[in-house]
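Residue numbers (the working numbering), protein chains in the order written: chain C, 1 to 322; chain X, 1001 to 1334; chain E, 2001 to 2299; chain D, 3001 to 3323.
It is possible that some hints are incorrect.
Straight-line Cα separation of at most 25 Å, SDA-like style, residue types lysine to any residue; simulated pairs [to be verified]:
#, chain 1, residue 1, chain 2, residue 2
1, C, Lys93, C, Arg173
2, D, Lys3127, X, Leu1245
3, E, Lys2187, C, Ser86
Computed from the model, here is a short list of chain X residues facing chain D with C-beta under 8 Å [what the hints assert, rightly or not]:
#, residue
4, Arg1175
5, Ser1230
6, Asp1231
7, Lys1239
8, Gly1240
9, Tyr1250
10, Tyr1324
11, Asp1328
Some chain D residues near chain X, calculated using beta-carbon distances under 7 Å [as the list claims (entries may be wrong)]:
#, residue
12, Arg3087
13, Gly3091
14, Glu3100
15, Val3108
16, Glu3117
17, Ala3118
18, Tyr3295
Honestly, the hints are just simulated from the structure, not real lab data. Here a beta-carbon is modelled for each residue, glycine too, at the ideal position from N, C-alpha and C.
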Amino acid sequence: MSEPLLKVEGLKKYFPIKGGLLGKVSETVRAVDGVSFSVNEGETLGIVGESGCGKSTTGRMAMRLIEPTAGKVFFEGKDILNLSKSEMRRTRKDIQMIFQDPFASLNPRQTVGRIIEEPMIVHHMGNSSERRKRVDELLELVGLSAYYAKRYPHQFSGGQRQRIGIARALAVRPKLIIADEPVSALDVSVQSQVLNLLQDLQKRFNLTYIFIAHDLSVVRHISNRVAVMYLGKIVEISDSERLYDHPEHPYTKALLSAVPIPDPDNKTNRIILKGDVPSPAHPPAGCPFHDRCPVAMDICAKEVPVLKKTEDGRLVSCHLYD
Amino acid sequence: MLSYSIKRLLMLIPVLIGMTLIVFGIIHAIPGNPAQTILGTKATPEAIHNLNQALGLDQPWYIQYFTYLKNIFSGNLGTSIQDNMPIAREIWPHLAATIELSFVAMVIAVVVGINAGIISAWKQNSALDYSAMILALIGVSMPIFWLGLLEQWLFSVKLNWLPSIGRLDIVSTVRPITNLYLIDTLIEGQFSQFWMVVRHLILPAIALATIPTAIIARMTRSSMLEVLKSDYIRTTKAKGERMGLIVYKYALKNAFIPILTVIGLQTGLMLGGAILTETIFGWPGIGLYVYNAIQYRDYPVIQSGILVIAFLFVMVNFVTDLLYGLIDPRIKYR
Amino acid sequence: MPQSEQNTAVQPAEEEKGPFVRNLLEFWKSFRKNKPAIVGAVIVLFFILMAAFAGFIAPQGINDQNINIRLQPPSASHWLGTDDFGRDILSRIIYGSRLSLRVGFFAVIGSIIVGTLLGVAAGYFGKFIDTVISRFFDILLAFPSILLSIAIVAVLGPSLNNALVAIAIVNVPVFGRLVRARVLTVKEEEYIMAARSIGMGNTRIIFNHILPNSFAPIIVQGTLNIATAILDAAGLGFLGMGAQPPQPEWGTMLSSSRQYITNAPWTVLFPGLAIILVVVGFNLMGDGLRDALDPRMKN
Amino acid sequence: MADSILEVKDLRTSFFTDDGEVPAVDGITFSVKEGEILGLVGESGCGKSVTSLSIMGLLPSPPGKIVGGQILYKGEDISHAKESRMRKLRGNDIAMIFQEPMTSLNPVFTIGEQLTEAIRLHKKMPKKDLEARAVDLLKMVGLPRARELLKEYPHELSGGMRQRVMIAIAMSCDPKVLIADEPTTALDVTIQAQILDLMAKLNRETHTAIILITHDLGVVAQVCKRVVVMYAGKVVEQGDVRDIFNHPEHPYTEGLIRSIPDLFSKKDTLYTIKGSVPKPGSIKKGCLFAPRCPYVMDKCRTAEPELTGDRHKSRCFLHREDA
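Construct the entire structure; sequences and hints are all you get.
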């Protein structure tokens, strides 16, 4: 097997909360607590989890928009956390991001043309007329017309804005695209349009995706491999077929069973989890999931399970598979 | 709550130090020789030398500053050049006069302003709303010294209803206990005196209250409109609560947080802004005290007067901050 | 409001205009609907024209004295009456608009320039720079504004220009804090994250993204602050700490006329009305601009 | 129908803006039977929330206004009822929960104060019983530490807990109808499962009819008995949940169902409905779905189909003999 395009090792992000009289660090929020994975060229890695599980932070650290507290990020074999500011800026050309909120991620005071052109200006690509031409191409590519370039973002619907965001990400011909909840703000009928577009573009340009989302059905649809996160940790990671058909981690099982299926004849027994996700400032000792786990054992409260290969080759972090 | 208060109090320290630096700097920013400026061109070199020594101006500036700080902490606000009296002793009656006037004006502003704002928001776009907001607009745009002059002209000169100058009729005196005459007259049980004090307060208090009333009314209206649009008020409506109760019992508590900010700010500004009202109505408050000092170039009085007012201003804002905690349960956790 | 793919098509004629012009048109569309704002704009324009053409409009010069006609009530020859030197009050008010507008505009422009620089620095770079600048604002704001301007004038000496400087200094933290808060908000917007994600540097982010998005609130606050600056200048003039007689500054005019209020109330009435009118104008216009420029009000 | 507790007949609600009248709800008819769970589905801007606010008499007015039709509660038309009458019904007979549990509770009042408010308004209950009732309600919605919770403020609770409190408030006067407007949209999927489970349980135990407004067809399929599908302010299809999902008649319903990615199997490309929802009032003639419809016929562009059918109704020419 060749070198993975992106490899992340032991990534951590702790946010200190200051409090008390002298602004001492009173608590530490462990937003991401030791995450490792790799993504191969041309594939899509899905990262799923509920709000606060650290999936967005992970995505942002993978392209160093947030500085990790600890860990390593290798892009094409080199550790990007050691790069200087200017080297990092150059590397950004190869890694682009698509954001969740199509309303907030476009500067309201710039025209669409300018928004899409900007990455090319930053990376000194082409002259002004070449860039203009590329903007028109990109707009057509994502299914909008070239004459939209003169408009402002607020003149577009949510789905159209997300297409503009995609065009911006494609402008510098990146290798890796990190998509952070790219369809969760969209209506179902528009969501499927955008998903198809993303898949189509992936085939055409041999793109690699990290697709972060909370919607399990969407992630299954688009991903080759899927990582499930809970409280800043990956609890299970494997190719999506196996993960969805035979989930192993109790959390993955519960998560999958909680998804409402759009079929009135399929009313399988749900696993209803007790309580809420604990605060990442006070994660439970031992396995972070043990206080809600329907099959928790004594050991779960004491020892933190590690991500291990199970018999069929996937990685699960659960004492059941010790 | 306690830790929050202490934290806020600690945060005041740099502000207070900065404040003393600025006030201390006033005398040093005077172009040329301050003593010369204070005494005028005809002053003898000897007098200038003496004043320089009296003010400590012949020392290096940091020594002067530490002496200044030490004096302030020991309650020594300096000596007035005009009458050679210790300012700390002289200042209290003036301060009391200003506090009395500002307090009455603030009560007027809060009562009128909040109610006008609430009704405007409740009956949004009604004739009532429009007239209240036009009045409020004129209120914030009004030079209060002009309003004061017109009040005097109309109510004192033309109609002869109310006195226009001072805290008391010329012939009467009130034995100063607290120097807050409203309280002093009541302690002494002299109700006719009390009435006289009230009559003297009316015109200046209205003039001083105009701008805060208008600002509070505008802030209440916009804050209230925002709250009335909120999801939780919709929830309350969905329970079948009546509008009057929703507005006064529920929404007001939410809307009050920004209003409180404005009240705190305006109370402080009043202490400073009273200088205009006080010069017009001959109100012997701290504003007039500073104003007269400026005329006489009595810099120690100018410095201490400004310092005392600024200190009060900061304290009022500090108390306002603490009051948030009583209204908004979320604040304790910040 | 949901928008459809087809229905957002802008008319071709409009499409040909540059984005800036279309932005302006759109702003004008929402501003026009706001009747009070139009009234405010008309008042402001009225005073600007008056100041510009004072020499042509004013029936008499600023200091044309005539002891024979002192303290005359309004009449056909002196619409607003005359003052204690027999000067035409209308003419003095017309010339006075120059002084008030000058103080208003330049004081506010001064505070905007200094305040924006400090505010951007504090908001964008944060940490130590932010602490120092923010404390500085806190300290300036710890003084009631009129008192601080009086103190500054007491040091610099009373004159209209010193009053202008004092008012400008006092308002620096107002804009500084506004810009800082705006920068902090904009900095958290996803499009700034997006700008960083395409590899953009700090300077470019500040100038291309943050400043343009902080522009609207500065304009709004600036307009409103012209109103308070004019009021404060008049107040200082009234206390004898701003413009000096015989300059026809409205506050100064009020101050020199107050002793005649009983016999000649018009000498006090009209300068005061002029202040109210121009201040109302700026306030209305500022509120209107806020409604038209505030993105929260816009769908 | 005798057992209908709430009937909406040809309801039309418009917003009056500077650009003229915008019809948000344009002649919708449906009924809610006692004790059932009815799903009201559609994408954003289809008028489903406006419908619920119209029923509650909580439309922001101006600019919103009911311009036609009836809303019958137990046979009484409440579409233009006096405010005093509506106040008696709200919270007592018809209750509502909202999408955003984070903002729907007043941050400066305790859970207890907010929970007992509707009871104090509508039921005469001695003070000492009030607290017991509040505790019972919190237990009913599955909240632990009920007695302490009464003294806590909303910001101390998680989103899921707040939504439970909202449900407790809504159920506090045993309403006949509960309108739930996207009650789980803001929640995580495991919490959503808890809340849906709770609502189904309450429906079984109290016989309160629930109108569940949502954009999520999965939620509808799991909890609703009958479904009303809305598009651009109109009902395009309604019927039994099985009929709707297994034999959708309207191309829009069909498209919606088919464009959801499947959790159990991976398809190559997703089905899509081209274009997006039209602006209210922008299509003047013909079927509102015609510009996006894969089966569009000439007729669809000129005439608007009626909502026809018996138990399974739809608004489409495709299933009409005269087409």
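Which numbered hints are broken by the structure, listed smallest first? 4, 10 and 18
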